[in-house]
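Asker: Each chain, written out:
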Amino acid sequence: MQRHGLGQNLARRNRLDRLFKAVCLTASFSCLLVLLAMLVPLVYNGLPFVDWQFLTSFPSSRVENAGVKPAIVGTFYLMAITVLVVFPLGVATAVFIEEFLPRKSVLTKLVRTNVRNLAGVPSIVFGILGMVVFVNALGFGRSLVSGGLTLALMILPIVVITACEALRSVPKSIRLAAYAVGGTRVQTVFYHVVPCALPQILTGLILGVSRAIGEAAPLILIGGLTYVAFLPENIFDSFTALPIQIYSWASRPQVEFHHLAAGAILVLLAILVLFNSVAIYLRAKYKRRW
Amino acid sequence: MTVNTSQESIMTCSSLGLYYGQVQAVKDVSFKLSSGVVSALIGPSGCGKSTLLRSFNRMNDFVEGFRLEGTIQFKGQDIYASGYDPVFLRAQVGMVFQKPNPFPNSIFKNITWGPKINGFRGDQQALVQSSLEKVGLWSEVKDRLHKPAYQLSGGQQQRLCIARTIAMQPEVILMDEPCSALDPQSTARVEELILELKKEYCILMVTHNMQQAKRVSDQTLFMYEGTLVEHRPTRELFDSPKADLTKKYLSGVFG
Chain D
1 MQRHGLGQNL ARRNRLDRLF KAVCLTASFS CLLVLLAMLV PLVYNGLPFV DWQFLTSFPS
61 SRVENAGVKP AIVGTFYLMA ITVLVVFPLG VATAVFIEEF LPRKSVLTKL VRTNVRNLAG
121 VPSIVFGILG MVVFVNALGF GRSLVSGGLT LALMILPIVV ITACEALRSV PKSIRLAAYA
181 VGGTRVQTVF YHVVPCALPQ ILTGLILGVS RAIGEAAPLI LIGGLTYVAF LPENIFDSFT
241 ALPIQIYSWA SRPQVEFHHL AAGAILVLLA ILVLFNSVAI YLRAKYKRRW
Chain W
1 MTVNTSQESI MTCSSLGLYY GQVQAVKDVS FKLSSGVVSA LIGPSGCGKS TLLRSFNRMN
61 DFVEGFRLEG TIQFKGQDIY ASGYDPVFLR AQVGMVFQKP NPFPNSIFKN ITWGPKINGF
121 RGDQQALVQS SLEKVGLWSE VKDRLHKPAY QLSGGQQQRL CIARTIAMQP EVILMDEPCS
181 ALDPQSTARV EELILELKKE YCILMVTHNM QQAKRVSDQT LFMYEGTLVE HRPTRELFDS
241 PKADLTKKYL SGVFG
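Chains D and W, in that order, give the protein sequences. Read in order, the letters of the first sequence are residues 1 to 290 in our numbering. Read in order, the letters of the second sequence are residues 1 to 255 in our numbering.
Careful, some of the hints might be misleading.
DSBU-like mimics (lysine-lysine), calculated; alpha carbons at most 35 Å apart, straight line [to be verified]:
# : chain 1 : residue 1 : chain 2 : residue 2
1 : D       : K172      : W       : K198
2 : W       : K199      : W       : K27
3 : D       : K104      : W       : K116
Sample of chain D residues facing chain W (criterion: CB under 8 Å; computed from the structure) [said to hold, decoys possible]:
# : residue
4 : G183
5 : Y191
6 : H192
7 : C196
What the hints contain is simulated information worked out from the structure, not anything from laboratory work. Note that the structure is a prediction, hence the values are computed from the model and not measured. Even glycine gets a Cβ: it sits at the ideal position worked out from N, Cα and C.
If we strip away everything but chain W, and leave its shape as in the complex, we get:
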């Protein structure tokens, strides 16, 4: 699949530099994300993938000493501009974490809390049902919606976290290695789900699993030591990597 360049990009970052104190974690990175596209961020541990991902919904704000150069724009607005409210941003740019982290409440409340505090006044029951249906969890949990979420298996919890994210109807979903804590079966389930979700959302996912990047993503971004080495359609990048580093990484010389 090729990038539809005519399509308007939802998120763009340009000349992005990210710092933790004196340490520069990401150097001069620029790229664009569009709706309906799954982009995978790959690269060896410590290359700055997660840092980069977390700067897109301003989760790095909670890390002391975090600093940013360059700009990230969401729908044409600079999300780090002084008047921009990060809470407003996070209501539209959802995030799924590495380890499933449902709230210690019922399945139902896990889904309704975010929309409710952000002003959702519609039918909660319908919202819960549609969100759970989208992640294929409805039939498994419809009889125990008011039971604690921690009673679910790890894979179910992660799908609940995805349901919680899409209940907000975000424009962008950020995923930080969403399958690394799951067994192969649950992983397959989540991957299917990502393919399903990309119809409606712009998805950026960090993954350690190159096969996974190959299976689910349209675009792949290869990062190395904080720089973006190569950003191309997944098929092309895996079949004929241009950069020497990408070639070595894909063939397992390092990483």
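Only chain D is shown next, with the shape it has when bound in the complex:
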């Protein structure tokens, strides 16, 4: 019998394999490189400024006295408001889409498409919305609530989309088990499906909030202040936040203020890492297996 003589081109194929691996490796390292290129100058310029005085002082026109205290407080307030608003709203929306709307109806398609499109809307547009609705129409003024609500609306689509995926990934067998012992739809969803999906929902929340706390544009639009010499006393007070403070310092002509901005960025990154670690801890704690 005439054989095909297969396997002759093996050397060439192996060479291609190695080449492909090298290309992928380079690609992934280039990401790291970009990160380093960002971090190194930040740390070099900013770190000398980050000390206790920097963290506990109000902004000042004198570089050596300037600090980020009101910005840190403002950022924490905003984060809290955003999480408190977006979590119940996002989960409820996702539960409605996934568990209550019929799969193939026109309404379902409409809601889904709508949410997906909202996720692509630029943040500044949400800023305009916040200004029109929260600041003016509802009369919340240029306050923390207006900022928090605006950021919550901005990240709502991300939270909804990831929560939808999380709910969909819960095995059907668990729902059936709950129905089979006489669970109603709501009981099945809230005792079993949502708790199972919670770790993944939290991941979406982390992604969303991480994006929110780095946003300057919508906050500037709704009137976050750049120079604040007091701490907000309640959520209807005016405020500043780290991204606004960074923007303000970075846009000054003096190079010292650019270094201050670098310091503030480091603080922002630290808060981000802190927040993520808490969320990752919670995620691990609620993780269930089936």
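Could you slot chain W onto chain D? The hints should help.
Answerer: Coordinates of chain W only, in the frame set by chain D:
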């Protein structure tokens, strides 16, 4: 064993036709189930056994395009009547699934959740113990009731699922190939359990395993392409099948 015809039947279905969209999965099926009897549903894959089983506790409600003709009655009431609450039905007609599907909670919660949401106000500890004792799991797990159920072996998980079902004290237990995902030893264990349970419950089980039908059931229903071909006491059906199709299926000509 012969059917005790004087005994009141708990579930009856008459002229039952089940559809998924345009496809008819079950055609004109009628039979009765009584307490204290294990009935086995056998037949080749795709003959409509599982569809039929799932219509008895309205699990098919979750399948889009499902439609039903004819009636199913539970204790004299039409379970597909417009005012009938499927949740109320499922609290009395339990189901054990093909693959063990414990809740991702503790062993304890697996058993207490159903009774609790349905208004059980008694002693939970006692309920857990008696349910686990009935499935022979108590001695194996009594020291780790609050450990996650997924840590149990497959066979133990399936017995936990049965315990969860009987904790509801249902009238009927539906079983969808309860042993097909288990090893031979666990299968034997579950079969023993079914024989034990039939004293108190009406059991309808789907099985692919004809030997299993022979071992545990009193009545056997043979289905083929959506129709009920033969429904007789198990011994009679296996020893002297009447229908030609049953004969061929039992002797392994197809299926």
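Asker: If you draw a straight line from the CA of W/K199 to the CA of W/K27, is it 35 Å or shorter?
Answerer: Cα-Cα ~31 Å, so holds.
Asker: Hey, D/K104 versus W/K116, does the alpha-carbon distance stay inside 35 Å?
Answerer: Measuring from Cα to Cα gives roughly 34 Å; hence the hint holds.
Asker: Has the given pair, D/K172 with W/K198, been kept, meaning a C-alpha gap of at most 35 Å?
Answerer: 29 Å, holds
Asker: Hey, does the D/C196 contact hint survive, CB to chain W under 8 Å?
Answerer: 6 Å, holds
Asker: So, D/Y191 near chain W? Judge it on the closest CB pair being under 8 Å.
Answerer: 7 Å, holds
Asker: Minimum Cβ distance from D/G183 to chain W below 8 Å?
Answerer: Result: holds, 6 Å to nearest chain W Cβ.
Asker: Holds or violated: the hint that D/H192 contacts chain W, with Cβ atoms closer than 8 Å.
Answerer: 6 Å, holds
In terms of the numbered hints stated before, the structure departs from none.
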